[in-house]
Amino acid sequence: MKKLILSIFAISLFTLSSYSQNKNLPSVKVKDLKGKLVNIQSLENDGNPIVISFWATWCKPCKKELNTIAEVYEDWQEDTGVKLVAISIDDSRSASKVKPYVNASGWEYEIYIDANRELARSMGVSTVPHTFLLNSNGKVVWEHKGYIDGDEDELLEQIEHISK
Amino acid sequence: MKKILFSIILFTSSFTLFSQDSPLEIIGNFELNMQSYSIDSAIGAVEPTPERVLNNAYLNLLISKGNFTGGLRYESYLNALKDYDPQYKGNGIPYRFATYTSDGLEVTVGNYYEQFGSGLIFRTYEDKGLGLDNAMDGIRLKYSPVSGLYLKGIIGQSRTYFDYSEGIIRGADAEFIVDELLGLEEQSSCAILGASFVSRFQSDNNPSFVLPENVAAFSTRLNLSFGNINYYGEYAHKINDPVGSMVQSGNNYANGKAIVNNLTYSQKGLGITFESHFVDHMEFRSERAQKKEYIINYIPTLSKQHTYSLLALYPCATQSEGEFGFNTNIFYKIPRKTVLGGKYGTKLNLNFARTNSIQGGTSFLNDIDSLTHNAPIFKIKGETLYFSDFNLEVNKKINKSIKLNLVLAQQTYNKDILEGKPIGEYGIIKSTIAVADVSYKIKKGHTIRMELQTLISEDDPNTTEHGDGNWHMILTEYTISPNWFFAIQDMYNYGNYYESKRLHYVNTSVGFLKGANRFAIGYGKKRAGIFCVGGVCKEVPSSNGFSLNISSSF
Numbered sequence: 001m002k003k004l005i006l007s008i009f010a011i012s013l014f015t016l017s018s019y020s021q022n023k024n025l026p027s028v029k030v031k032d033l034k035g036k037l038v039n040i041q042s043l044e045n046d047g048n049p050i051v052i053s054f055w056a057t058w059c060k061p062c063k064k065e066l067n068t069i070a071e072v073y074e075d076w077q078e079d080t081g082v083k084l085v086a087i088s089i090d091d092s093r094s095a096s097k098v099k100p101y102v103n104a105s106g107w108e109y110e111i112y113i114d115a116n117r118e119l120a121r122s123m124g125v126s127t128v129p130h131t132f133l134l135n136s137n138g139k140v141v142w143e144h145k146g147y148i149d150g151d152e153d154e155l156l157e158q159i160e161h162i163s164k
Numbered sequence: 001m002k003k004i005l006f007s008i009i010l011f012t013s014s015f016t017l018f019s020q021d022s023p024l025e026i027i028g029n030f031e032l033n034m035q036s037y038s039i040d041s042a043i044g045a046v047e048p049t050p051e052r053v054l055n056n057a058y059l060n061l062l063i064s065k066g067n068f069t070g071g072l073r074y075e076s077y078l079n080a081l082k083d084y085d086p087q088y089k090g091n092g093i094p095y096r097f098a099t100y101t102s103d104g105l106e107v108t109v110g111n112y113y114e115q116f117g118s119g120l121i122f123r124t125y126e127d128k129g130l131g132l133d134n135a136m137d138g139i140r141l142k143y144s145p146v147s148g149l150y151l152k153g154i155i156g157q158s159r160t161y162f163d164y165s166e167g168i169i170r171g172a173d174a175e176f177i178v179d180e181l182l183g184l185e186e187q188s189s190c191a192i193l194g195a196s197f198v199s200r201f202q203s204d205n206n207p208s209f210v211l212p213e214n215v216a217a218f219s220t221r222l223n224l225s226f227g228n229i230n231y232y233g234e235y236a237h238k239i240n241d242p243v244g245s246m247v248q249s250g251n252n253y254a255n256g257k258a259i260v261n262n263l264t265y266s267q268k269g270l271g272i273t274f275e276s277h278f279v280d281h282m283e284f285r286s287e288r289a290q291k292k293e294y295i296i297n298y299i300p301t302l303s304k305q306h307t308y309s310l311l312a313l314y315p316c317a318t319q320s321e322g323e324f325g326f327n328t329n330i331f332y333k334i335p336r337k338t339v340l341g342g343k344y345g346t347k348l349n350l351n352f353a354r355t356n357s358i359q360g361g362t363s364f365l366n367d368i369d370s371l372t373h374n375a376p377i378f379k380i381k382g383e384t385l386y387f388s389d390f391n392l393e394v395n396k397k398i399n400k401s402i403k404l405n406l407v408l409a410q411q412t413y414n415k416d417i418l419e420g421k422p423i424g425e426y427g428i429i430k431s432t433i434a435v436a437d438v439s440y441k442i443k444k445g446h447t448i449r450m451e452l453q454t455l456i457s458e459d460d461p462n463t464t465e466h467g468d469g470n471w472h473m474i475l476t477e478y479t480i481s482p483n484w485f486f487a488i489q490d491m492y493n494y495g496n497y498y499e500s501k502r503l504h505y506v507n508t509s510v511g512f513l514k515g516a517n518r519f520a521i522g523y524g525k526k527r528a529g530i531f532c533v534g535g536v537c538k539e540v541p542s543s544n545g546f547s548l549n550i551s552s553s554f
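Chains as they are written, first to last, in the numbering used here: chain A, 1 to 164; chain H, 1 to 554.
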């Protein structure tokens, strides 16, 4: 019985995988900093690339990544037209710290809160940071788990690659 | 078994029925955690079973097409890692769902995670790190009849390990976004009102006592944004829910309540938060039993969530049966090009958090004893201290290649209360912790980072047992962007009261990251301790051995 289940599972995966292509954003609602619901599919950037970065106020590498990019964000925007959307997975323990932290840090990103990780689950995010790059059609063309110093250079290369 | 087979067939065949207008999409992620266990009696690591290697793994799969999404998770515990409950055993598909949206109505059948408000009366979620998953199995509807009004309804049973609760949970939530309802969008102020109701049905099979079969809880909430100021308040009430003990003194018929007040202010360069809560007898469970794996509400812990090892050695945990606490933060960025700010600016975070007992203790009511009272919702003086943490974090970029993060903290930890030990065993442990974290960029992509941490602790003088005493910790990490990391760390319990426990816990790890895949191999000793995420904690046993972690998404 188990073998049968596994083989059905494997076959269906195999046949379905032939349809696979670049990910789209799922239709999931997140909250903005006022607490209003926003469907993530409504994100847009006039046909320019969008970076979606999952983070949390308690995550050191996430903050390092976003603080590092914040220093060069203006240049990135001018050169490539990119927009960064930072999605916090802080739950009700720390969600109220998101806005004060973001403002105090002077981040110019678009910020949303995914308090019960519905969007994270819909995009296959299990740990933070997890960064996605979307092309002009809103398709995910690149993604990266974790952050180590210098990873922002690779992200910029990827952005430049698709904004040409 | 037949059920699983049925759900797979249903799940996969459902896709072929759809028209070809919108493309079919498949995404998912996979995670594997394997650990070997060697005997190490010095640290208290003994073999779990005759088997030397344990493994946890899961695969999430999501398939969507147009307005339809279906998903499942295959979980494998062969056998579960020692820091998981052994009731996670074997393989299975405990999570599968189908959902579609049609003209604003969202229908989900199968498993789902849901949260009402901040979760005071209802939150189901998963946290793989904690081995926690209380997913619902049943039906969920979401509907927005007019712009600004959002409704949710749920019915189902909550998951515990590979089983579902006997209790049936029913609930509804409404949220009104006032300015959307009135068409006043793009204002600097905003008001959101919310209300939720949750009820659990479980038949009363207790031969001795009459127990409520329908246990209700409700909450109301208000979220106000006014320019730079934001307020969030929530009040929750739960009717009596005795655990069904066969002895009279074991059944508490008191109602529960909780009050949350959060106030924040922020402007460019400055952020201030003040959060507080009062909780009395507010544990809400999917079954009439006093076990924490049945909890279906979430009362967040009021303290900073530390990630440095020694700062998190004595973590706070919410006492949902009775606690008053507050947590305040100041975030400030000293502007760049000032004396203290330097070329890049300096970031400060000052945090103070404190929790204590409520006056008179947890409400208690039955025929032989009664302590229902309206304890003051804001009282510190004269109450038993549970936890406090006063800390300052300074984050500074010195120049293009050096970054510095410093933390100084003073913590008090009521080990008896927070770990459920007999009162008077350990009492309150006071500790002072210092952390220095420096990273140095050697050349493009190559960075070396070092953490030095020290903890000096003071035992409670009037107790029978000794805490772990003083610790040092050192970590060195070398990273090569974008693919490699190497790390070695040593935690040294040099100040333990018992000489035999003055041990080193050395760990090494190597990781390879590429795109959406991450591989890590580690070897070393882990200390036994309390591991917490978001205020929910678990006890982790000590271990010595190799570990392998693979994480991937597609």
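Hints in this document: simulated from the structure, not taken from any laboratory. Think of the CB as a built atom: it goes at the ideal place given N, C-alpha and C, for glycine as much as any other residue. Wrong hints could be hidden among the right ones.
[What the hints assert, rightly or not] Below, a sample of chain H positions facing chain A; criterion: calculated Cβ distance under 7 Å:
{"id": "1", "residue": "181"}
{"id": "2", "residue": "300"}
{"id": "3", "residue": "331"}
{"id": "4", "residue": "336"}
{"id": "5", "residue": "361"}
{"id": "6", "residue": "388"}
{"id": "7", "residue": "391"}
{"id": "8", "residue": "443"}
{"id": "9", "residue": "448"}
{"id": "10", "residue": "479"}
{"id": "11", "residue": "482"}
{"id": "12", "residue": "553"}
[What the hints assert, rightly or not] In silico lysine to aspartate or glutamate, DMTMM-like type, Cα no more than 25 Å apart, as pairs:
{"id": "13", "chain 1": "H", "residue 1": "444", "chain 2": "A", "residue 2": "143"}
{"id": "14", "chain 1": "H", "residue 1": "292", "chain 2": "H", "residue 2": "126"}
{"id": "15", "chain 1": "H", "residue 1": "291", "chain 2": "H", "residue 2": "75"}
{"id": "16", "chain 1": "H", "residue 1": "142", "chain 2": "A", "residue 2": "32"}
{"id": "17", "chain 1": "H", "residue 1": "268", "chain 2": "A", "residue 2": "78"}
{"id": "18", "chain 1": "H", "residue 1": "396", "chain 2": "A", "residue 2": "152"}
{"id": "19", "chain 1": "H", "residue 1": "441", "chain 2": "H", "residue 2": "425"}
{"id": "20", "chain 1": "A", "residue 1": "29", "chain 2": "A", "residue 2": "153"}
{"id": "21", "chain 1": "A", "residue 1": "60", "chain 2": "A", "residue 2": "152"}
{"id": "22", "chain 1": "A", "residue 1": "60", "chain 2": "H", "residue 2": "490"}
{"id": "23", "chain 1": "A", "residue 1": "139", "chain 2": "A", "residue 2": "110"}
{"id": "24", "chain 1": "H", "residue 1": "343", "chain 2": "A", "residue 2": "78"}
{"id": "25", "chain 1": "A", "residue 1": "36", "chain 2": "H", "residue 2": "451"}
{"id": "26", "chain 1": "A", "residue 1": "29", "chain 2": "H", "residue 2": "106"}
{"id": "27", "chain 1": "H", "residue 1": "292", "chain 2": "A", "residue 2": "78"}
{"id": "28", "chain 1": "H", "residue 1": "525", "chain 2": "H", "residue 2": "180"}
{"id": "29", "chain 1": "H", "residue 1": "525", "chain 2": "H", "residue 2": "383"}
{"id": "30", "chain 1": "H", "residue 1": "441", "chain 2": "H", "residue 2": "367"}
{"id": "31", "chain 1": "H", "residue 1": "443", "chain 2": "A", "residue 2": "75"}
{"id": "32", "chain 1": "A", "residue 1": "64", "chain 2": "A", "residue 2": "32"}
{"id": "33", "chain 1": "A", "residue 1": "34", "chain 2": "H", "residue 2": "490"}
{"id": "34", "chain 1": "A", "residue 1": "164", "chain 2": "A", "residue 2": "32"}
{"id": "35", "chain 1": "A", "residue 1": "60", "chain 2": "H", "residue 2": "31"}
[Said to hold, decoys possible] Facing chain H, a subset of chain A residues (Cβ under 10 Å, in silico):
{"id": "36", "residue": "36"}
{"id": "37", "residue": "71"}
{"id": "38", "residue": "74"}
{"id": "39", "residue": "77"}
{"id": "40", "residue": "102"}
Tell me, in ascending order, the numbers of any earlier hints that this structure violates. 1, 4, 5, 6, 7, 8, 9, 19, 20, 25, 27, 28, 29, 30, 33, 34, 38 and 39
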